[in-house]
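*Asks:* Sequence:
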Amino acid sequence: MRNERLKETLNSLQAASADIEGCAVVSEDGLIIASSLQQSMEEDHVAAMSAVMLSMGNRIVRELKRGDLEQLFVKGKDGYVIMANAGPHAMLVSITRPEAKLGLIFLDVSRASKALAEILS
Numbered sequence: 003m004r005n006e007r008l009k010e011t012l013n014s015l016q017a018a019s020a021d022i023e024g025c026a027v028v029s030e031d032g033l034i035i036a037s038s039l040q041q042s043m044e045e046d047h048v049a050a051m052s053a054v055m056l057s058m059g060n061r062i063v064r065e066l067k068r069g070d071l072e073q074l075f076v077k078g079k080d081g082y083v084i085m086a087n088a089g090p091h092a093m094l095v096s097i098t099r100p101e102a103k104l105g106l107i108f109l110d111v112s113r114a115s116k117a118l119a120e121i122l123s
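Everything in the sequence shown is counted per my numbering, starting at 3 for the first residue and increasing by one.
Since the hints were made in silico from the structure, they are not lab data. Keep in mind it's a predicted model, so treat the numbers as computed, not measured. Each hint should be verified, as a subset may be incorrect.
[Said to hold, decoys possible] Simulated restraints, written as ranges between beta carbons of each label pair:
{"hint": "1", "residue 1": "Gly32", "residue 2": "Gln73", "range": "17 to 23 Å"}
{"hint": "2", "residue 1": "Gln41", "residue 2": "Leu66", "range": "34 to 40 Å"}
{"hint": "3", "residue 1": "Glu72", "residue 2": "Ala18", "range": "16 to 22 Å"}
[Claimed, not checked] Computed list of lysine to aspartate or glutamate pairs in EDC-like fashion (alpha-carbon distance at most 20 Å, straight line):
{"hint": "4", "residue 1": "Lys103", "residue 2": "Glu23"}
{"hint": "5", "residue 1": "Lys116", "residue 2": "Glu6"}
{"hint": "6", "residue 1": "Lys77", "residue 2": "Glu101"}
{"hint": "7", "residue 1": "Lys116", "residue 2": "Glu10"}
{"hint": "8", "residue 1": "Lys103", "residue 2": "Asp80"}
{"hint": "9", "residue 1": "Lys9", "residue 2": "Glu44"}
{"hint": "10", "residue 1": "Lys77", "residue 2": "Glu23"}
{"hint": "11", "residue 1": "Lys9", "residue 2": "Asp21"}
{"hint": "12", "residue 1": "Lys9", "residue 2": "Glu45"}
{"hint": "13", "residue 1": "Lys9", "residue 2": "Asp46"}
{"hint": "14", "residue 1": "Lys79", "residue 2": "Glu101"}
{"hint": "15", "residue 1": "Lys116", "residue 2": "Glu72"}
{"hint": "16", "residue 1": "Lys77", "residue 2": "Asp21"}
{"hint": "17", "residue 1": "Lys116", "residue 2": "Glu30"}
{"hint": "18", "residue 1": "Lys9", "residue 2": "Glu23"}
{"hint": "19", "residue 1": "Lys9", "residue 2": "Glu120"}
{"hint": "20", "residue 1": "Lys9", "residue 2": "Glu30"}
{"hint": "21", "residue 1": "Lys103", "residue 2": "Asp21"}
{"hint": "22", "residue 1": "Lys79", "residue 2": "Glu23"}
{"hint": "23", "residue 1": "Lys79", "residue 2": "Asp21"}
{"hint": "24", "residue 1": "Lys116", "residue 2": "Asp70"}
Every residue gets a Cβ at the ideal spot worked out from N, C-alpha and C, and that includes glycine.
Using the sequences and the accompanying hints, generate a full structural model.
*Replies:* Given below as structure tokens:
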């Protein structure tokens, strides 16, 4: 039941924007909790890289005294990776196209991450 609700939330996030190519809920240990990634994206690889980013992000905000980590944002030539808290031990990872309208994406990601946190609590 919980896994179905997680998957539904991820599918709804992707349906909200054609610019979101894939998304997943990843544990702080780098394990996939739920995924809606394209077949070309290796889940384990995405999860492992997300855990590294999460660790570095936490260190940066701690060392610079910026409070708790809420979101990570990486821009590449071919698109963006946006990570947002989905509860105390999980992150929502969203992978977008380069032409994504970031304001709308951030709004959708924020809503989805809150829903995911509620499901995971």
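*Asks:* Run every hint past the structure and note whether it holds.
*Replies:* Quick rundown of the hints versus the structure:
1. Distance hint check: the CB atoms of Gly32 and Gln73 are about 18 Å apart, consistent with the given range 17 to 23 Å.
2. Roughly 38 Å separates the CB atoms of Gln41 and Leu66, a value that falls within the hinted 34 to 40 Å.
3. Judged by the Cβ atoms, the range 16 to 22 Å given for Glu72 and Ala18 holds: they are separated by roughly 20 Å.
4. Between the alpha carbons of Lys103 and Glu23 the distance comes to roughly 13 Å, so the proposed pair stays at or under 20 Å and holds.
5. With a CA separation close to 16 Å, the supplied pair Lys116 and Glu6 stays within the 20 Å bound.
6. Distance restraint check for Lys77 and Glu101: the Cα-Cα separation of roughly 11 Å lies within the 20 Å cut-off, and the hinted pair is therefore satisfied.
7. The hinted pair formed by Lys116 and Glu10 meets the criterion: a straight-line CA distance of about 14 Å does not exceed 20 Å.
8. As the CA atoms of Lys103 and Asp80 are separated by approximately 14 Å, the hinted pair is consistent with the 20 Å bound.
9. Restraint check for Lys9 and Glu44: satisfied, since their Cα atoms lie roughly 17 Å apart, inside the 20 Å limit.
10. Between Lys77 and Glu23 the alpha-carbon distance is near 14 Å, which keeps this suggested pair within the 20 Å criterion.
11. Simply put, Lys9 and Asp21 have alpha-carbon atoms about 18 Å apart, close enough for the 20 Å limit, and the pair holds.
12. This hinted pair checks out: Lys9 and Glu45 have alpha carbons roughly 14 Å apart, not beyond 20 Å.
13. At roughly 17 Å between alpha-carbon atoms, Lys9 and Asp46 fall within 20 Å of each other, so this suggested pair holds.
14. About 10 Å separates the Cα atoms of Lys79 and Glu101, which keeps this hinted pair within 20 Å; it holds.
15. Distance restraint check for Lys116 and Glu72: the Cα-Cα separation of roughly 11 Å lies within the 20 Å cut-off, and the hinted pair is therefore satisfied.
16. Of the supplied pair hints, the one linking Lys77 and Asp21 holds, its CA atoms being roughly 14 Å apart against a limit of 20 Å.
17. Distance restraint check for Lys116 and Glu30: the Cα-Cα separation of roughly 17 Å lies within the 20 Å cut-off, and the hinted pair is therefore satisfied.
18. Taken as a hint, the Lys9 and Glu23 pair is honoured in the structure, with Cα atoms around 15 Å apart against an allowance of 20 Å.
19. Annotation: proposed proximity of Lys9 to Glu120 holds, straight-line Cα distance about 14 Å (limit 20 Å).
20. Distance hint between Lys9 and Glu30 is fulfilled; the C-alpha atoms sit about 18 Å from each other, no more than 20 Å.
21. Between Lys103 and Asp21 the alpha-carbon distance is near 8 Å, which keeps this suggested pair within the 20 Å criterion.
22. A C-alpha spacing of about 15 Å is found between Lys79 and Glu23, which places the hinted pair at or below 20 Å, so the restraint holds.
23. This hinted pair checks out: Lys79 and Asp21 have alpha carbons roughly 15 Å apart, not beyond 20 Å.
24. Distance restraint check for Lys116 and Asp70: the Cα-Cα separation of roughly 16 Å lies within the 20 Å cut-off, and the hinted pair is therefore satisfied.
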